[in-house]
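Enquirer: Sequence:
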Amino acid sequence: MTEATRGHLAMLCFSALVAGSFSLGGLVANEIAPAALQAARFLLAALLTGGVVLATGQLRRAHLAAPWRYVVLAGFFATYFVLMFEGLKTAAPVSAAAVFTLIPIMAAGFGYLLLRQKMTPRIALGLAVGASGALWVIFQGSWSALLRFEIGRGEWVYFLGCICHAIYAPLVARFNRGESPLVFTAGILTAGALLLGLYGWRDVIATDWAALPAIVWITLVYIATFATIATFMLLQIASMRLPASKVMAYTYLTPSWVLLWELALGHGAPLPMVLGGVGLTVLALLILLRQEAPRAAATPAPAAQAARSPRNARRHPD
Numbered sequence: 006m007t008e009a010t011r012g013h014l015a016m017l018c019f020s021a022l023v024a025g026s027f028s029l030g031g032l033v034a035n036e037i038a039p040a041a042l043q044a045a046r047f048l049l050a051a052l053l054t055g056g057v058v059l060a061t062g063q064l065r066r067a068h069l070a071a072p073w074r075y076v077v078l079a080g081f082f083a084t085y086f087v088l089m090f091e092g093l094k095t096a097a098p099v100s101a102a103a104v105f106t107l108i109p110i111m112a113a114g115f116g117y118l119l120l121r122q123k124m125t126p127r128i129a130l131g132l133a134v135g136a137s138g139a140l141w142v143i144f145q146g147s148w149s150a151l152l153r154f155e156i157g158r159g160e161w162v163y164f165l166g167c168i169c170h171a172i173y174a175p176l177v178a179r180f181n182r183g184e185s186p187l188v189f190t191a192g193i194l195t196a197g198a199l200l201l202g203l204y205g206w207r208d209v210i211a212t213d214w215a216a217l218p219a220i221v222w223i224t225l226v227y228i229a230t231f232a233t234i235a236t237f238m239l240l241q242i243a244s245m246r247l248p249a250s251k252v253m254a255y256t257y258l259t260p261s262w263v264l265l266w267e268l269a270l271g272h273g274a275p276l277p278m279v280l281g282g283v284g285l286t287v288l289a290l291l292i293l294l295r296q297e298a299p300r301a302a303a304t305p306a307p308a309a310q311a312a313r314s315p316r317n318a319r320r321h322p323d
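Residues in the sequence shown are numbered consecutively from 6, following the numbering used here.
None of these hints come from the bench; they were simulated from the model.
Any given hint might turn out to be false.
What the hints assert, rightly or not - Here are the computed lysine to aspartate or glutamate pairs in the EDC-like style, where the Cα-Cα straight-line distance is at most 20 Å:
#1 K94 / D208
#2 K94 / E36
#3 K94 / E160
Go ahead and model the full structure; you've got the sequences and the hints to work with.
Expert: Below, the structure written as structure tokens:
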């Protein structure tokens, strides 16, 4: 298996796990303040990853060098979550999901600015097809629903959060200095827990944690482990092997995964028209995979080498 293929598989799992947080999050949105939930999420995830790092002896003095890297990365990701929930106070979920599909395009731009990763015509085609499929899924194949889309304050607030999300992927490749995904994740999560704790301490103190329903604790455990620790590591693994535009292209699959999660949770099956959009998102990924295969076999890029050298991190296969 080539390094590029590992990156694609990592992002496939990433999109499925992220989708689960949307479905479960919808069940607890009115049960706990968003800031309190996110602070607890990062704290629990930081304790788990930090404990594993210490227990396995993976922490080295060199890993503590330039701790500002963890703060910067955590700042972008924590800001994304805060602005997402701030935007959802006034933005309709459908409108917010449409804004979410802009992340891959923005990631391609930041990938060029930060790492000089160029977007080839085939990547542009894949992004365009994926965006079309995602919008098809989001608006359930209805032109009238698409035409009713309006940009309000909530959408603009969430758009700022999505910019932070798009910057995060190329920064991982730029800031990593050879740390393993687990060590790097522990550093980011620890910094994120501190930042969110400072931001949401009022909500944390005001929350009656003992009185929370079981679904909140189930959701908290899921988003702290699968939707935080696992996705952070998967995103880092992929960012070391793929250009930022391809890494974030997998966000187009999230609406499709959400439909499957909703079906599994007994919330009903999607309309037949929606399946056309699912097919387009799959087609977009096939376009990207097909482009990568010839070069990946000829010039593999070991993850360790990419992690050690910033120059190598900028030379992902197109």
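Enquirer: Would you mind marking each hint as holding or not holding in the structure?
Expert: Here is how each hint holds up against the structure:
1. This hinted pair checks out: K94 and D208 have alpha carbons roughly 16 Å apart, not beyond 20 Å.
2. For the hint pairing K94 with E36, the CA-to-CA distance comes to about 14 Å; that is within 20 Å, so the pair holds.
3. Under the criterion of a C-alpha separation no larger than 20 Å, the hint pairing K94 with E160 is consistent with the structure, at around 10 Å.
Every hint, counting from the list given before, is met by this structure.
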